[in-house]
Amino acid sequence: RRVHGGISGREGLQAARAADYSIAQFRFIVRLLLVPGAWDHRRIATLILYSFHKNVALYLVQFWFALYNGFSGQTIFERWTISLYNVLFTSLPIVVHALLDQEISAEMSLRYPALYWVSQRGEFFNTRVFWQWMSSAVYSSFLFFFVVTMATRSCASFSGRVIGQWEQGVMIYTAVVITVNLKLALRVHNHTALHLLSFGASVLGWYLYIGVYSTFTFAPETYGIVADLFGSASFWIVTLFVPIVVLFNDVLFAYCSRTFFPSPTHIVQEVDAVARTTRRVIGRFQPAVEIAKLLKTLPLRRHNLDKPPGSEHDDSLSTTDDEEAAAAAGNSPDAVGIAIISPPSSMTPAAAAAAAAGGTTPAAGVGFLTETATPVHLESESDDAPVPFPMSKTTRASGESVAVPR
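Residue numbers (the numbering used here): 32 to 437.
Taking CB as the label site, the calculated pair distances span:
no., residue 1, residue 2, range
1, V61, T246, 55 to 63 Å
2, G314, H35, 38 to 46 Å
3, S103, H35, 50 to 58 Å
Quick caveat, the hints were computed from the structure, so don't treat them as lab data. Backbone N, C-alpha and C fix where the C-beta goes; we use that ideal spot for every residue, glycine too.
Can you make the complete structure from the sequences, with help from the hints?
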């Protein structure tokens, strides 16, 4: 089927009204083809293929059962259970998938337009792909019937009775519902809350349905069957083991294709995943970065450096007699802070050691700074442009003058 697009221009709206998609300007056709066009092609292809697959996987079980009953026409599933298969238990996930699935994000689709060739060549829907899905459905139905039949041959229900035809049918039906939903989940590229809700509602809806339906007497095939099956360990083991066996080939094929034979679409998907993870990590630390930038611009404030009782006297964190006299005279400094004083880059290690032995402290250390009222404007070392933040002269405890930002 061809999809028609119309442009609403000065010549009228006839083409836009008759088209499947309407755009305001011709340049919008690029995004229309590369983003929703590619998405819809993949979604529709998966919808058609999955619809055939899930029905063949269930109803072909009746053929394998016919080999046991001599083609008498006897069914292994209860009549209402078969009718609700496509209505309640497998319909919601594929609808959500066909509406919301995105194989590649819109940003990556526009950045790598060559990926649209996959849709043009019809790699998502062709004869080869169709028969791959059908062969997978036949293989799945074969495992559904014979694995459950062999596993329950010598098993008993919770009440001690031998598992019969209808118990076996409920076990097979449960394995089919779980497997076909998980197979579609493996095809989903962006798992959203609606995807998870649809899968959970389909599987849990089946358990709820059979639990309630088995209490009605007008359904003699399944009446009281849940009390025996749900209390039996073999039921839970079989219904959880069979989906793993059936989907093992799908998981193995997906792993080998992505690891050893990656397509351009797989590579772009990995690039997109790494980019989203990087943005998520940066966004998580963004508040801390903003706080650090804010603290860097704040002026120095007075700190109370109260020492605990009994601690030793530290000259580097105490004021000098001159500063105490200035404070008593009313000329208290505006701010007090701690700064890291680095030694001159031209000083050799031997000179630094000699200076340290002589009582001076040329190495980097903690100094007690007092801010004076007279600001000092420093010039940049690289050019004559002034430093872009105000500087003020401060005095270290040893009497050395340094400059710190306000």
